[in-house]
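For the record, the sequence lines run as chains A, B and C. Under my numbering, the first residue of the first sequence is numbered 422, with each subsequent residue one higher. Under my numbering, the first residue of the second sequence is numbered 9, with each subsequent residue one higher. Under my numbering, the first residue of the third sequence is numbered 21, with each subsequent residue one higher.
Don't take each hint at face value.
[Stated by the list, open to error] Not the full set, but computed from the structure, chain B residues with beta-carbon under 7 Å of chain C:
hint, residue
1, Arg76
2, Leu77
3, Gly78
4, Thr331
5, Arg334
6, Asn393
No wet-lab data here; the hints were simulated from the structure. Source: prediction; values computed, not measured. We put the CB at the ideal spot given by N, CA and C, even for glycine.
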Amino acid sequence: MTFGCSIAFLLSAALTVAGALAAALLKNLVHCALSLTVTFAGLALLYLQLDAQFAGFAQILVYIGAVAILVVFAILLTRGAGIPEYRGFSSSWLLGLIIAAAIFALFGWAVTKSLPAQITASAAPAITVQSIGAALMSSYVLPLEIVAVLLTVALIGAVIVAMPESRITKSETRTGGGQ
Amino acid sequence: MSQQASFWNNLDQVFVLLQHRIAGYFPVWLQPVVETILAVVGIVAAFPGIFALTTVLERKGLGRMQNRLGPNRVGPLGILQPVADGIKSLTKEDIVPLSADAAVHFLAPVVLVIAVFMGFAVLPIGRNMVLANLDAGLLFFFAIGASTELSIFMAGWSSRNKYSLLGAMRAVAQMISYEVPLLLSSVVAVMITGSLSTVKIVEAQSGFTGIFPHWYVFTPWGFAGFVLFVIAALAETNRSPFDLPEGESELVAGYFTEYSGFKFALFFLGEYLGMFSIAGFAITLFLGGWGAPLSVLEFVPSWAWFFLKLLAAIAFFIWLRGTLPRLRQDQLMNFAWKFMLPMTLLNLVVAGAWRFLGDGWPRWVICSVVLLAAYVLLGRVLMRNQNLGARSYRYAD
Amino acid sequence: MLGEGMLKGLAETAKNFAGSFVSKERMTTVQYPEERIAPIENTRDFPFLVYDGSDAMAGLRCVACQICEKECPPKCIYIVKSTDKKPDFVGKMQIYPTRFDIDISVCMSCQICVEVCPFEAIKMDTEFELSTTDRFGGLLYDREQLSKSNEHYHKIHPTEAAEVDARLAEEKAKAEAKAKAAAEAAAAKAAAAAAAALPKEAPAKEPGA
């Protein structure tokens, strides 16, 4: 329980929490998506403060550059430009609050249990991008390839879902006639 | 001779020395902050200045290419035109549509300008002249570039205007599609250098054989990578011929439509600064950054070379804008996924082969032949299905 | 090959760019208002009234027939006839307009008034820099402002003016010839009348020779 947090940490943490709260409480759906982007930016700042350069920049590149855009595209494609406004609170807010408090207590117990008995200011291992790359190519090459296959499957699936109907029926009739 | 050498050396490092001199007036614990602030002030002063120059050079250059004079009334030869443009955009009424989302409408140009200015932080403008010497500088640059797409979407959506939304959707789709070739074509430079840091990439290109420099653009994979990077960069910054999202004849002004006055000027500034930063990046990755083109010209300051190369790149972009017609959305997308992506992947393989074939002339021949053959074949295959004959009209005689 | 057209296009624009500094045909801009292109002869902007000689009101060709007023599509001409008459170019007494107003903010330069005028009195001018700050009457031209000499007409439309002058001279010559013939016929009639008066006396003088 130490207040030795630096100003930078407090600011980024405040930014993250504010963004998350706004994402949960705002009425306009696209505003929620945009404040989620602020949360992602706050998370990236936290990673950068821990000297995890690759994780921080990858967070910005992937989350802000792709996931946030995906979320807003999904909102727009399913609801159109006229966003109806929702009430901020649902009717079962007490139950939700209890469940959220329980989960938070669980996380807090897990985090404090995993901390060593004495927090020594040891030098953090220098994880450079080079070492991440070397690890990906040597000990983690199988997960890398599986993730690549997964992404390819997702890409092909997206293309098939978005393909115009005529092409699919044409290929179906062709295989049906071949039999 | 050494006095002359030290003069040129001082000229080369003049901004760094100035920075240290001014920071020396402050207490020691404040010095890093002051140095950073001075560097930021330098960037904020220099690049918008180049922006002002570029607007007038572009209009005059485009004019000359189109057999007309550009603006020539304000100041001698029209040089003061950006001042007139600035005053105009500052004094115009700032109209926000009634049904527009005011907060997001206001934030969109702000986010764009912030993201674009941050991209300049990893650009090595001269020897020892980089604002933030990050180990993962390249990754930082591309991450920040991805944030600009978000601001364009914000602009298009918050205007509550069909044309803006359509323009924003097209712009975001275009930018996402071209990000993949952009990153892949820059990876070859990283592969051969062995580091993501922009400073190390420039230093790796600073050697000379005879009088010719070791720039990556003079290698087969480097040349292909440079061409592909420039094409993807043009598409990323919505620059002609990829400017369908903001084409005046298509969508009024696309996602800019509902912006007037200073916010429009901010968008304009953000777009041009994005073009400068990505051109600067292309120079850093492939054209040797602040390095001199011939070893005899090394005495010229490094920052002068960087800005000269930047001006040449800008002139080339203006030349392209004056020449090429606009690409349609589907042509854009086809080009990105069917041509650029395979070429960049092949370029990766060729760069790897270059590295492992060892020094000597065979690797030059093999790599060049493979790339040329792939280019010609791919070009033929893609152009085969197009019926590009003379136009025939159904009801004409 | 892919990209060939682009390179050709780039070469063309480069030629345009470089040529615009040296050759006139690549830089066709005329920097108005310091430089102007001379208008061609068929230029037409707004009408003006032609007068012969040096006195505008005495030599005015217009006879206030009001055909142009009736034919003008936007009705921008307003004519008031005179009560007395003055001689025209052949010497015949004609009425003249005491008021001839054209509102050139309404005029659409269709030239119909010129085409229907039987007296070659109204022609098209070539001046277009007529902006004025007077919002209410500045573009309403009256008879004095509209009258311009035949020399001015020759300067702006030389071929047309030469044709018009030739035609008018021919008419004048025909009219003079007619007048002379009429005078001769009158003289001959007078002589014949005089001769007819004489033979009444002659037969009385010579009854049987």
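**Asked** Which of the stated hints cannot be reconciled with the structure, identified by number in ascending sequence?
**Response** Result: hints 3, 5, 6 break, sorted rising.
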